[in-house]
Amino acid sequence: EADIYQTPRYLVIGTGKKITLECSQTMGHDKMYWYQQDPGMELHLIHYSYGVNSTEKGDLSSESTVSRIRTEHFPLTLESARPSHTSQYLCASSEYCGRVDCEQYFGPGTRLTVT
Amino acid sequence: AQSVTQLDSHVSVSEGTPVLLRCNYSSSYSPSLFWYVQHPNKGLQLLLKYTSAATLVKGINGFEAEFKKSETSFHLTKPSAHMSDAAEYFCVVSDPGTDKLIFGTGTRLQVFP
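Residue numbers (this note's numbering), protein chains in the order written: chain A, 1 to 115; chain B, 1001 to 1113.
What the hints contain is simulated information worked out from the structure, not anything from laboratory work. Among the hints, a few may not be true.
Said to hold, decoys possible - The calculated SDA-like cross-link candidates involving lysine to any residue, where the alpha carbons are at most 20 Å apart (straight line), are:
no., chain 1, residue 1, chain 2, residue 2
1, B, K1068, B, D1085
2, B, K1100, A, G14
3, B, K1049, A, Y10
4, B, K1100, A, P83
5, B, K1042, A, T71
6, B, K1100, A, T55
7, B, K1069, B, E1015
8, B, K1100, A, N53
9, A, K31, B, L1046
10, B, K1100, A, T7
11, B, K1049, B, H1075
12, A, K31, B, H1075
13, A, K57, B, S1070
14, A, K31, B, D1095
15, B, K1100, A, V52
16, B, K1100, A, T71
17, B, K1100, B, S1052
18, A, K31, B, K1100
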């Protein structure tokens, strides 16, 4: 069982509110990721981090922002939520790898609904 | 550019019958390939991975996949389906040098009693 946690698991919030989705891992992994997944669709990478103070935008444009002040923590923030942000957000982590065969460990996800 | 194509969006089987979930990949390099499973309201779990060692890869829960370079395929199989196998399955290729994972669109497996 992977030690990666996300809170909250479910969130329903009104338009315009600021929200922060939490992600923590206890495996000491350097790399962390945020994916967005709409129902029945594939995952799209929206942010990733190589380590502390490193953040990069992923392949899918997102209005969210991330920070990486501590190795184990990688929160995602939406300054002003909109209905178009309704989706499932999955956090993952992996060891730093020179090759590309790193397994990513996924959290259970946060299902966000913006009304 | 790396990509994966999952050929079936839905697969339905009876319990006890074989499972075949198809995946084709496109890669300019020798790829690393993965199969992940996602049960309802759960995170993704790695089933198995191919990293240029043995072409037949065994994973958890009786699943296995065979890497066929000539066919650019990495199909997932299981000899006998169980009700607990009902889930969404994602074929994934990694992007060399960036460690990014590129996901297929997923195959929903239904298992009937």
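To see whether the hints hold, each was checked on the structure:
1. B:K1068 / B:D1085: 24 Å, violated
2. B:K1100 / A:G14: Not OK: K1100 of chain B and G14 of chain A at ~33 Å, beyond 20 Å, violated.
3. B:K1049 / A:Y10: The given pair, whose Cα atoms are some 30 Å apart, is violated under the 20 Å limit.
4. B:K1100 / A:P83: 28 Å, violated
5. B:K1042 / A:T71: This hinted pair is violated, its Cα atoms lying about 24 Å apart.
6. B:K1100 / A:T55: Within the cut-off at roughly 14 Å; holds.
7. B:K1069 / B:E1015: At roughly 31 Å apart (the allowed maximum being 20 Å), E1015 of chain B and K1069 of chain B break the hint.
8. B:K1100 / A:N53: 19 Å, holds
9. A:K31 / B:L1046: 17 Å, holds
10. B:K1100 / A:T7: Answer violated: K1100 of chain B to T7 of chain A is near 24 Å, above 20 Å.
11. B:K1049 / B:H1075: Between K1049 of chain B and H1075 of chain B the Cα gap is close to 12 Å, so the pair holds against 20 Å.
12. A:K31 / B:H1075: Judged against 20 Å, a Cα distance of about 28 Å means the pair is violated.
13. A:K57 / B:S1070: Distance ~35 Å between K57 of chain A and S1070 of chain B Cα, so the pair is violated.
14. A:K31 / B:D1095: With Cα atoms ~15 Å apart, K31 of chain A and D1095 of chain B stay inside 20 Å; holds.
15. B:K1100 / A:V52: With Cα atoms ~18 Å apart, K1100 of chain B and V52 of chain A stay inside 20 Å; holds.
16. B:K1100 / A:T71: 19 Å, holds
17. B:K1100 / B:S1052: Cα-Cα ~18 Å, so holds.
18. A:K31 / B:K1100: 10 Å, holds
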